[in-house]
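Novice: Under the UniProt record's numbering, the first residue of the sequence shown is numbered 1, with each subsequent residue one higher.
Derived by calculation from the structure, the hints in this document are not laboratory data.
Note that this is a predicted model, so its numbers are computed, not measured.
Mixed in with the good hints, there may be bad ones.
Stated by the list, open to error - Label-pair ranges, simulated between beta-carbon atoms: (1) Lys25 x Asp149: 10 to 20 Å; (2) Gly159 x Lys25: 31 to 41 Å; (3) Thr6 x Glu141: 31 to 41 Å; (4) Val12 x Ala158: 33 to 43 Å.
Even glycine gets a Cβ: it sits at the ideal position worked out from N, Cα and C.
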Amino acid sequence: MIRTATPDDVPVIHTMVRELAEYEKAPEEARASEAQLREALFGERPAAFAHMAVDEAGGEPVGFALWFLNFSTWRGVHGIYLEDLYVRPQARGGGHGRALLAELARICVERGYERLEWSVLDWNRPAIGFYEALGARPQDEWTVYRLTDESLTALGSAG
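Kindly produce the complete structure, drawing on both the sequences and the hints.
Specialist: Right, dumping it as C-alpha cells:
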C-alpha cells in the first residue's frame, strides 16, 4: 500500500499538490512546477522525500506524503517534518493516511529521529480528529511565522 516515490510519480504528485491546495482554499499559492518537484525530490542533492499510497486493487496512486529532515537542538537529533499529507477523497477512510504516517514513524524509529511534526489548518476538523486519534498532540504554545514574497525580499535585501 505504501512505497517510496520514484521520478515517474512526479506528475501525479504535482497533480495531488494542486488538489491539496484546492482543498485548503489556496490554489493560487501552489506554484511549484513538475520540474521543481523533480529537482527537489530526485536531483543531485534532494531536499525532500516522498512516499506514495497506492490502491492495492489497481496499483494507482491515491495519496502521498512529502517530507524533509529537520533538526532539534534540544534533542540533538534529526526529525521529520511532514510538508504534505494528502489522500484523494475517493480513497479516504481506507487506511492510506494512517499507513503513510506509520511509514514515516517507522523511518523515525529506525533512524533514531525523535520527532515527526507537521502543521494542520485550524479549520480542518477531520484531519485534526484523525491526527489526535493516532496520539499526535497540538503544539498550541507555538505560533508559526513565515516570511515570503515582498517581505522576504525586503529583509533579504536590507543592508
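Novice: With reference to the structure, classify each hint as holding or not holding.
Specialist: Right, here's what the structure says about each hint:
no. : hint                       : verdict
1   : Lys25 x Asp149: 10 to 20 Å : 18 Å, holds
2   : Gly159 x Lys25: 31 to 41 Å : 38 Å, holds
3   : Thr6 x Glu141: 31 to 41 Å  : 39 Å, holds
4   : Val12 x Ala158: 33 to 43 Å : 41 Å, holds
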